[in-house]
Amino acid sequence: MSIKYIEETFNIEESDLSFKKLVENAPLEIASTLKGKSVLILPSHGHEDVYYAGTLDTLDFLNENGIYTDVYASDDEYRELGLHGAEIWLGTFIIQSVIVPIFCGVVSSYIYDKLKAKNDDNIALRFMVENKKGKTTAVEFKGKVENLDKALDAIKSFSDED
Amino acid sequence: MKIELLTLGDTKKPEVNKIIELLNAEKEKAAQNGDAIKANNCWRELQVLELNILFIRAFHNVKTKNYRGAWNELEQCELIYSFIRDNSSEEYLCNPRLAFIADKISKWQSLYPYCLFCSPGFKVGYYTCSICDHKIRPRSRCAHKKGKVYNGQLCLHVAHDLEMLEISMVTKPVQKYSVMHDDSTLDFTLLVRLSSFLDHAFEGWDLNWTTMKFPVERFKSVKNEDKCPCKSGNQFEVCCMGKEEVAIPHVDFIFSKPLPTDTEAITFPYDNG
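Chains as they are written, first to last, in this note's numbering: chain B, 78 to 239; chain G, 58 to 330.
Hints listed in this document are in silico derivations from the structure and should not be mistaken for laboratory results. These numbers were taken from a predicted model, which means no experiment stands behind them. Quick reminder that beta carbons are idealized off the backbone N, C-alpha and C, glycines included. There is no bait here: all hints are sound.
Listed next, with one range per pair, are the computed distances between beta-carbon atoms:
id, chain 1, residue 1, chain 2, residue 2, range
1, B, D230, G, Q89, 48 to 56 Å
2, B, E85, G, Y149, 33 to 41 Å
3, B, D190, G, R198, 19 to 27 Å
4, G, S235, B, D137, 26 to 34 Å
5, G, R154, B, E141, 27 to 35 Å
6, G, R198, B, F87, 33 to 41 Å
7, B, F87, G, W266, 27 to 35 Å
Isolated chain G, as found in the complex (with noise of 0.2 Å):
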């Protein structure tokens, strides 16, 4: 059975169901045969449609302008993406659209304005291995390693006794879901700007971050005492108001298909401030 997954609508035919339970039948079946290359297989193929399913949800939250949501999906993408390249050959993940995934999920995630999350601090008692509950000490190790794949079931370390510490505020987060920011309050425009010129989740793209200098006389809507655009977190009165122009943070976005002749070919953020 073979499906096109383009769009949030092809997620939702009942094919992609039937090939889920199929996929997971046969990695039972194999488990249970002792075929392990086959279970893993399966392991892999239900892995591979997840994250294809999780990028086009998370396209589809940026073109609505659900921003939050497709941040958590873009970090689960992530994450299984991790799993599956550390469990595939190289020849498997240089499937094109595997590899555009990959390339793409930081660069989405690198348009956002988030700079701000909590993470817990907390001690562990133990771990015990989720494939065979053995309890992993110093010198007490199981058959199993985190993170690979064992007759189509994924290792991982299951963490007991667990006493939180602290929560802290950090600018790279474990767990980049727990975002600190109100997202009413946040520029979103780097990713309105890119997904209106993309019309599916597959559309090639790609941007290369800069910067471009600008006339200061068109930075009027940005106070003495705000931060300079030029981000060096110093205010705007002490750090390039004096200058002439300011060079400021600046993304090229470079697509596949040509463009509208009318596309505006440069947007500025502080005229309207």
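Chain B extracted, bound-state conformation (with noise of 0.2 Å):
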């Protein structure tokens, strides 16, 4: 018996979207809630409304240790998608450049002490980042655990261009 083993994905790429274009476009329930947000967690896996399990856990750990988030859909149209195995779906953020730094800590800390993670797991993500002057940069990164300081890396190096 063989099993294929998924690669590492570590991509950078520049990004259309912006806390602007977000608020903008949002649901009309939601869109004053939005504004003054420094991370939104926004859909993922390639649909346009439903989330990883877990991303309440992520906003209300988040929110509780000072980075102000908030998720990308109204109460009422939030859904969550549950996937195979035990990886870590994190999600997609997109993050004020100014929060990054605080952002990296919490997210570690989320990951290592919260979520037990072990070196070995696999962990999927995408954080994009918003710098000053409304440029967005987005990072994917799926691979191991023990890797994923090349994407937080790669975000940092993006708030330091400021």
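Using the supplied hints, reconstruct the complex from the two chains, each of which is provided in its own coordinate frame.
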């Protein structure tokens, strides 16, 4: 019996998403609450309305640690996707560059301390950083937790560019 | 009331049921009186008792070659321990029996040959709190945190309006019980070997994963097109067949008691292949 192991994915690309555009296109009932947030959690896995299981735990952890975060869905529209395997499907995040250093620390703490991730666990995430000039760069990472620093270092470097 | 829990026979003694009834009654009474600390303590003691019983059953099942049964019980042990851990002080977790079980669950699991599981993918409409029935939404929470104990009750989130999307085959499952193998086709030598030296579930032992080299002549039972014994995933023919020695995964068992002098030092898995 042979098993095909998925190799690591690490992509960096520019994105045309921005906080301003997201708020403008948001459902009316949440548009005002999204303003002023440092981080927004966006739908994942190619869906427009679905978030990974555990997203609300991530949301609470970020807010409890001083990072003002919200989910880009109204309470009625929010749905979760429970996926196969014990992989950590963290989700898609757009982050204001000014908060990136603190965000990296809190996210690391969430992954290692709260989720108790081990180095050989698989993790999938997409971090998008919008700098002060409105340029957004996206980092996609799928791989072992032990290599997660690649993604965190990359988004830290974008915040340094300001 | 004090009991000794060591063997499967101990777990079946009437005193065990009496203690469970007593703790449940105490928990209910404390919860009704608003004594949350006492109710939570009773919950914890009940969980620790259940954990001990399941761990003993798992050990017994390994000994009697019911490996799947033991696997499922070890998973239940893992879950119960995680709830105890998240609701206990570090001092409480240092209890030697509890620390022993926590240490051994994953070590027993690591000796299993299972590597393929099925895992469902589904969409969840919404969750409710198992304590107060509050509908959990992004901007609406109740006072209870998932995984924490309140007045003797564990808070869990109950999923509603589930839509099944797919079933996948995975190597690291959320639900470990979803094994896809037929046990009769698998090699449980490591479990047989370890359990043969242990008289009860709480005898001291440990393990150390490493590799050990053997001359290639000893792998005559491995066919050219078979997977290489070094576990690279490649065919033996293109991997280690041309080498003088083959390094294969090896586990050392360490026991707290002395073993009989005639004990075979090393078991080589390919001699009889």
